[in-house]
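Engineer: Chains E and V, in that order, give the protein sequences.
The opening residue of the first sequence carries number 1 in UniProt numbering; numbering runs sequentially from there.
The opening residue of the second sequence carries number 1 in UniProt numbering; numbering runs sequentially from there.
Because the hints were derived from the structure by calculation, they are not lab data.
It is possible that some hints are incorrect.
What the hints assert, rightly or not - Each computed DMTMM-like pair below joins lysine to aspartate or glutamate, with the alpha-carbon atoms no more than 25 Å apart:
(1) V:Lys119 - E:Asp74
(2) V:Lys188 - E:Glu97
(3) E:Lys167 - E:Asp74
(4) E:Lys78 - V:Glu186
(5) V:Lys188 - E:Glu142
(6) E:Lys66 - V:Glu186
(7) E:Lys66 - V:Asp45
(8) V:Lys119 - E:Glu142
(9) E:Lys236 - E:Glu97
Claimed, not checked - Facing chain V, from chain E, some residues (calculated, C-beta under 10 Å):
(10) Lys24
(11) Leu65
(12) Thr76
(13) Trp85
(14) Phe89
(15) Tyr106
(16) Ala120
(17) Asn124
(18) Pro145
We treat Cβ as the ideally placed atom computed from N, Cα and C, and that holds for glycine.
Residues per chain, in single letters:
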Amino acid sequence: MSSNGSALKGSATPDLAKQVLAQKLAQQIVNQIVSDDVIDDKIEEEENQNKEPTCCQMFCAPFTLKYYQPFFNDLTSKVIAQKLWASFFPFKATFFEIQDGKPDLYGPVWIYATLVFAVAAAGNISGYLATPSNIAFHYNFEFIPTASSLLFGIAFLVPFAIYMVMKMLGGRHLHLTSVICIYAYAQTCIIPVCIVCSIPNPQLQWGALIYGMINSSLFLIVNYWGELEKNIQAKKHIVIWLIAGCQVVLLLLFKMYFFLYVYTNPYTGSRFDQLTKIVHTDHSFLHHHQQH
Amino acid sequence: MTDNHPFGSGMFQGQAKFVDYAHMNQQEVQVNTLDEPVLDTLLRDINMILYKLSYVIIPRMKETQGRKLRNWDLWGPLLLSLLLAMTLGINSNQSSDTIFGTIFIIMWGGSAVITVNAKLLGGQVSFFQSVCVLGYCVFPINVAAVVITFLQSYFGFFLRLVIVGVAFLWSTFSSLSFMSSMMNEEKKVISVYPIFLFYMFLSWFCIFI
Numbered sequence: 001m002s003s004n005g006s007a008l009k010g011s012a013t014p015d016l017a018k019q020v021l022a023q024k025l026a027q028q029i030v031n032q033i034v035s036d037d038v039i040d041d042k043i044e045e046e047e048n049q050n051k052e053p054t055c056c057q058m059f060c061a062p063f064t065l066k067y068y069q070p071f072f073n074d075l076t077s078k079v080i081a082q083k084l085w086a087s088f089f090p091f092k093a094t095f096f097e098i099q100d101g102k103p104d105l106y107g108p109v110w111i112y113a114t115l116v117f118a119v120a121a122a123g124n125i126s127g128y129l130a131t132p133s134n135i136a137f138h139y140n141f142e143f144i145p146t147a148s149s150l151l152f153g154i155a156f157l158v159p160f161a162i163y164m165v166m167k168m169l170g171g172r173h174l175h176l177t178s179v180i181c182i183y184a185y186a187q188t189c190i191i192p193v194c195i196v197c198s199i200p201n202p203q204l205q206w207g208a209l210i211y212g213m214i215n216s217s218l219f220l221i222v223n224y225w226g227e228l229e230k231n232i233q234a235k236k237h238i239v240i241w242l243i244a245g246c247q248v249v250l251l252l253l254f255k256m257y258f259f260l261y262v263y264t265n266p267y268t269g270s271r272f273d274q275l276t277k278i279v280h281t282d283h284s285f286l287h288h289h290q291q292h
Numbered sequence: 001m002t003d004n005h006p007f008g009s010g011m012f013q014g015q016a017k018f019v020d021y022a023h024m025n026q027q028e029v030q031v032n033t034l035d036e037p038v039l040d041t042l043l044r045d046i047n048m049i050l051y052k053l054s055y056v057i058i059p060r061m062k063e064t065q066g067r068k069l070r071n072w073d074l075w076g077p078l079l080l081s082l083l084l085a086m087t088l089g090i091n092s093n094q095s096s097d098t099i100f101g102t103i104f105i106i107m108w109g110g111s112a113v114i115t116v117n118a119k120l121l122g123g124q125v126s127f128f129q130s131v132c133v134l135g136y137c138v139f140p141i142n143v144a145a146v147v148i149t150f151l152q153s154y155f156g157f158f159l160r161l162v163i164v165g166v167a168f169l170w171s172t173f174s175s176l177s178f179m180s181s182m183m184n185e186e187k188k189v190i191s192v193y194p195i196f197l198f199y200m201f202l203s204w205f206c207i208f209i
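Using the sequences and the hints given, assemble the complete structure.
Structural biologist: So this is what it looks like as structure tokens:
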């Protein structure tokens, strides 16, 4: 309103001055109306935000899709491929750089789904190859529910345990989703391990499982080393042993349940032996045994 | 609803509604068809299912041709999943209840998870359309399972592998044309991989009946 005086001073005719004044007034009225609307909307928005979320909203939030949307934004095939590749090279701590502060939940879901398939399939293949030809093989469908419960269970429980332990020992800059994410990518190396374990040779299976143990534990420890060194120096061994211990237990469970059936009968030979034509059906072993 | 009909909506408004089998509005169906013989209702539904199956049998790679699959219904996927679960359950004597349950859960739970995944990755896909498409595209795997069940004694292991492999690839390509048209270029691989895993899971059961 203070600009009207300056407009009036410089004008030649009073009519022109009135016109200018009228225009300015009209413009200001319109501005006022528009900004009132905008202010009303803004006030409403602020009120909605300042309202405390109701109890129902707080508990129901994890069941809405919107809750998980932030974890899938800006996700590209390239980033996921880079993370998967990085999980096979545990000595380089590049995972958090690639992730760049945006943990994703795509990895956990689909890596564990693939693992369930791989373990169930490989367990059955190794059982099939390990039985002798004269024994009929029954596909064990129980592997799938067992593998899903086991893997999707550890998907949340072990990262939760690691998160709680690290938080209690003084870790900072930790987010539960980030721990779930990195734990899932650490299990990626077990997929090729399962494929290798479908061959029913016990030494091969143990070797592959030990490689899986070492790779996944190292991946987690090396990537968390910075965090461990900075914030938890004194008690970092607790976290390291926790991580390694969980991996050892997991892979022992794999061996004892899914890849248990390694049938080494020297007389008949398993289907695998017949496939690779290793078995010798001379009974020299039997004679040798009888002499002593 | 009267989009493709040559007579505009003006001519027949209030007198009769154009009955489009593939695009039925549920309330209108109930008003018009409550008195019709049951056989008519069944035949209409079966026609709808067969119409959609023809889209699965001949995978259309162009997105425009897959548009008819957007009129979703869940009868087809239900019938196909029951058929698959029963076929696979018949053959294995020991654990037929585990198989039935596993196949059912994998099929419906898997479709739901893949759809949620596609939505979260930013795809403009409706939940039930996607579940419908994924369910219908299980048809080739169903055919393979039935063929293997009834001609078991003639097939060696490798022939079985070939049949199931062909069925798996067929299913995957059928659903790809619908699903991948929804996604960005940079997210195509990560949205297609779950579909690949889903059909691989279902095909795997067929090999080892």
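Engineer: Would you mind marking each hint as holding or not holding in the structure?
Structural biologist: For each hint, the structure was consulted:
Only pairs whose Cα atoms come within 25 Å are accepted, and Lys119 (chain V) paired with Asp74 (chain E) is accepted, the gap being roughly 14 Å. Of the pairs offered as hints, the one joining Lys188 (chain V) and Glu97 (chain E) holds, with about 24 Å between alpha carbons and a cut-off of 25 Å not exceeded. A C-alpha spacing of about 28 Å is found between Lys167 (chain E) and Asp74 (chain E), which places the hinted pair above 25 Å, so the restraint is violated. With a C-alpha separation of about 8 Å, the suggested pair Lys78 (chain E) and Glu186 (chain V) falls inside the 25 Å cut-off, and the hint holds.
For the given pair, Lys188 (chain V) sits about 33 Å from Glu142 (chain E) by alpha-carbon distance, which is inconsistent with the 25 Å threshold. Proximity of Lys66 (chain E) to Glu186 (chain V) is assessed by CA-CA distance (about 22 Å); at most 25 Å being required, the pair is judged to hold. Taking the CA atoms of Lys66 (chain E) and Asp45 (chain V), the gap is about 35 Å. The hint is violated against a cut of 25 Å. Only pairs whose Cα atoms come within 25 Å are accepted, and Lys119 (chain V) paired with Glu142 (chain E) is rejected, the gap being roughly 32 Å.
Restraint check: the Cα-Cα separation between Lys236 (chain E) and Glu97 (chain E) comes to about 22 Å, which is no more than 25 Å; the hinted pair holds. A distance limit of 10 Å between C-beta atoms decides the matter here; for Lys24 (chain E) the minimum to chain V is near 47 Å, and the interface restraint is violated. Contact between Leu65 (chain E) and chain V, as hinted, is supported at the beta carbon level, the nearest pair being about 7 Å apart and thus within 10 Å. With a cut of 10 Å, the hint placing Thr76 (chain E) at the interface with chain V holds, because the nearest CB-to-CB distance is about 4 Å.
The interface hint given for Trp85 (chain E) is violated, since its Cβ lies 14 Å from the closest Cβ of chain V, which is over the 10 Å cut-off. Annotation: Phe89 (chain E) was flagged as interfacial toward chain V, and the flag is violated, the nearest CB pair being 21 Å apart, outside 10 Å. Contact between Tyr106 (chain E) and chain V, as hinted, is supported at the beta carbon level, the nearest pair being about 6 Å apart and thus within 10 Å. Hint status for Ala120 (chain E) relative to chain V: holds, with the closest Cβ pair at about 8 Å, below 10 Å.
At a threshold of 10 Å, the smallest CB-CB gap from Asn124 (chain E) to chain V is about 7 Å, leaving the interface hint in force. Interface restraint check: Pro145 (chain E) against chain V, minimum CB-CB distance 7 Å, threshold 10 Å, status holds.
Comparing the model with each earlier hint shows violations of hints 3, 5, 7, 8, 10, 13 and 14; every other hint is respected.
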